[in-house]
Amino acid sequence: MTVNVNNRMADDARDDHDELGASEYHAHCHEHGIPHEHVHDGALPHASTQHEDAQYHHGHDHAHDSAHPHGYHLLQVENLGVGFTMYDPDAPFFRAKKIVKNVIEGLSVSVHEGEILAIVGASGSGKTLLADSIMGLFEPNATVTGTIWFDGESQNAESLARLRGNGISLVPQSVAHLDPLMRVGVQVEGIAKNGETADERRAKRERLFARYDLKPEVAQMYPHELSGGMARRVLLCCALMDEPRVIVADEPTPGLDLDLAVKALADFREFADEGNGVLLITHDIELALRVADRVAVFKDGTVVEETAVANFASPELLRHPFSRALWHALPEHGFCAEEAAAC
Amino acid sequence: MLEAQNISFGYPGTGKLLYDSYSLTVEAGERVELRAPSGFGKTTFCRILAGYEKPLDGKVLVDGSPLPEKGLSPVQLILQHPELAVDPRMRMRDTLAEPVSCKGGSLLENSEVLRLMEGLGIRSEWLSRYPHELSGGELQRFCVARALLANPKYLIADEMTTMLDALTQAQIWAFLLEEIDERGMGLIFVSHSPALAQRIATRTEVLSR
Chain A
1 MTVNVNNRMA DDARDDHDEL GASEYHAHCH EHGIPHEHVH DGALPHASTQ HEDAQYHHGH
61 DHAHDSAHPH GYHLLQVENL GVGFTMYDPD APFFRAKKIV KNVIEGLSVS VHEGEILAIV
121 GASGSGKTLL ADSIMGLFEP NATVTGTIWF DGESQNAESL ARLRGNGISL VPQSVAHLDP
181 LMRVGVQVEG IAKNGETADE RRAKRERLFA RYDLKPEVAQ MYPHELSGGM ARRVLLCCAL
241 MDEPRVIVAD EPTPGLDLDL AVKALADFRE FADEGNGVLL ITHDIELALR VADRVAVFKD
301 GTVVEETAVA NFASPELLRH PFSRALWHAL PEHGFCAEEA AAC
Chain B
1 MLEAQNISFG YPGTGKLLYD SYSLTVEAGE RVELRAPSGF GKTTFCRILA GYEKPLDGKV
61 LVDGSPLPEK GLSPVQLILQ HPELAVDPRM RMRDTLAEPV SCKGGSLLEN SEVLRLMEGL
121 GIRSEWLSRY PHELSGGELQ RFCVARALLA NPKYLIADEM TTMLDALTQA QIWAFLLEEI
181 DERGMGLIFV SHSPALAQRI ATRTEVLSR
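Order-wise, the sequence lines are chains A and B. Counting along the first sequence from 1, when you hit position 336 you're at 336 in our numbering, and nothing is skipped either side. Counting along the second sequence from 1, when you hit position 186 you're at 186 in our numbering, and nothing is skipped either side.
Simulated from the structure, these hints should not be mistaken for laboratory data. It should be emphasised that the depicted structure is a prediction, and the values quoted were computed from it without experimental measurement. Incorrect hints may have been included.
As the list claims (entries may be wrong) - For lysine to aspartate or glutamate, the following EDC-like pairs were computed, each having C-alpha atoms within a straight-line distance of at most 20 Å:
1) B:Lys16 to A:Glu225
2) B:Lys59 to B:Glu3
3) A:Lys98 to B:Glu133
4) B:Lys42 to A:Asp259
5) A:Lys101 to B:Glu125
To be verified - With beta-carbon atoms standing in for the labels, derived distance ranges:
6) A:Thr85 to B:His81: 28 to 38 Å
7) A:Glu225 to B:Arg203: 29 to 39 Å
8) A:Gly106 to B:Gln5: 52 to 62 Å
9) A:Asn102 to B:Ala174: 29 to 39 Å
10) A:Glu139 to B:Ser23: 49 to 59 Å
Built from N, CA and C at the ideal position, the CB exists for glycine as well.
Chain B on its own, in the form it takes in the complex:
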């Protein structure tokens, strides 16, 4: 169970709170759509859930314990802009290996890596490239694979496929949904497309102050 308890947050210097004591609970196996108007702070809330931002007040708990300070987080975030989620000076091979080396293994001996690469359509020739040599859709496949390699219990997808065409979007979601089902993970996602949200969500939460 992923719990956000009484979260309050505001960016320093603005003097405004984005949310004041907002709580959200997501069970494993649930797929929750997070909805709010443009500029409300959906992305910020996603970042808080994944531990990128510390809330001013309140806490985020996974199965009763707080997010770890070091090592792989059980809550993984996939961003809208994959090009901002990878190191521009690292080859894709090293980017993909980040969670694997965290656990002390090497990349291509890992059968899980090969399985994810095949499932997400990542070609081995892409591994030696730099991020700017790949398109947005190709990069996003890497980001999804990297998040799944960390064996998360909860996945947060913040406008994950907004930058992608319909076919790539369907391919990535089809694979991800299957993977989520198999592993019994929970999903929290943000989407601007009502049709997509309707297809994926088991529940909708409206973000409020």
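This is chain A alone, in the form it adopts within the complex:
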């Protein structure tokens, strides 16, 4: 596994910058989709850039309240690639050579402070691999390339592993991720770390439970005793115990009925409104449109379009044919099954 911390594109841009004036440089970066604020600290404070609703700007549209308070995105993934080393499935069994199969290529997304970015796409398109890459979880046979910035700092595999639970937290899909033989309370509290005592963590867990309407006796229950709605709040409490800035939520809603799903997403909304970021990975575009600020449309291992939710009001505002096909496929619109369609 390799993680290229400083990607080549950024270095190229730095070289070019010496020959370009400041304004030309800005334009140059726009053209090449390079996030200039990361390339040269203080060269062009990005906070001074005005963002209007749904404005198109370095590779993505912005929502109404997308802001860059310190001149950078809270979480930015640039040019991510994930490949797996495997034996050639087409070759005869004993003569099969090792090949690298690229599953994700050239993927870029960014999460601003105070916003929910939904990643929508077909099942099997590699959405969960993106979550794994951000969490610093790599399969032994995976090759991961690209650049990830968190809170303005470029990360590598070691630092991403350190950030796991200490800045970036995961909300998994179901209670199956909890230990079935452990009571919920101690499980959420986890071990005492970062100088916190066990008592402090218990107090914190009790505050979180109170805030999310979980009764004190829930702490004594086992995971199988939780209802679907309780389970999702418990999983959220697990993530919030370590005061993250970014939550990565991997398909948090299947199996919940519409009311519960909307409530689940309202909790994420509240978290984001406190100035944090949420990366919501889902295949349910109807739900994503209800709660997210921006939507990144995922297809065949890359993001084809990153756009404000407002642009889903009408297909003409969407840039990529696949996003338009998704729009037409929604039951409340055309319910149209053709990929290249305008019915």
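Assemble chain B onto chain A, guided by the hints.
Positioned in the frame of chain A, the structure of chain B alone reads:
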């Protein structure tokens, strides 16, 4: 006509009845949405209709006769989680062949199989894979094809496309609706999406005690 007559059911040990003498009739050619709040027992009712569960009281009749004990059922159920509906240790080829071998034929000589594979977008390279090597959407296509190969008179779709993205959902439903129309089958379905239900249903039934 699919009839559920005075169905009563409760899981053993709970001491509670999910439904007490509930009846439902669906004619061929109808598309009925089954609606009830979360946790009411929609999935259980679907399982009763397809013969997976025996009701404590009451009976399920297809055109006046009870569901067969053996062989292909005229009522086929498609589950929400396709990965739970297939044998994890069987290649997809064998899974798809289940209803065909029941009738004593082989898979790829069957023109019906080839037609369904094409209509549902099942690629032939998937046939040699195991379920964990396919995505949810790809597996669900197999489950739909398998259900249709059994030549059912009634199809029950329990949150069939909840796990799928909008485009795959539209593709599977478009094919299925066409197939249902052509064969004159009846459909009973459960969906959490009101927009989807409105598009498909010809009638809505509220499940009640």
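Hints versus structure:
Restraint check: the Cα-Cα separation between B:Lys16 and A:Glu225 comes to about 18 Å, which is no more than 20 Å; the hinted pair holds. Between B:Lys59 and B:Glu3, the direct Cα distance comes to roughly 8 Å. Compliance with the 20 Å bound is thereby established for this hinted pair. Using a Cα cut-off of 20 Å, the hinted pair A:Lys98 and B:Glu133 holds, with the two alpha carbons roughly 19 Å apart. Proposed proximity of B:Lys42 and A:Asp259 is supported: the alpha carbons are some 16 Å apart, at most 20 Å.
A hinted pair counts as satisfied when its Cα atoms are at most 20 Å apart, and A:Lys101 with B:Glu125 qualifies at roughly 17 Å. The hinted range of 28 to 38 Å is satisfied by A:Thr85 and B:His81, whose Cβ atoms lie roughly 30 Å apart. Judged by the Cβ atoms, the range 29 to 39 Å given for A:Glu225 and B:Arg203 holds: they are separated by roughly 37 Å. The hinted window of 52 to 62 Å between A:Gly106 and B:Gln5 holds, with their beta carbons roughly 59 Å apart.
A C-beta distance of roughly 31 Å is found between A:Asn102 and B:Ala174, which places it inside the suggested range of 29 to 39 Å. Between A:Glu139 and B:Ser23 the Cβ separation comes to about 52 Å, which falls inside the hinted range of 49 to 59 Å.
Comparing the model with each earlier hint shows no violations; every hint is respected.
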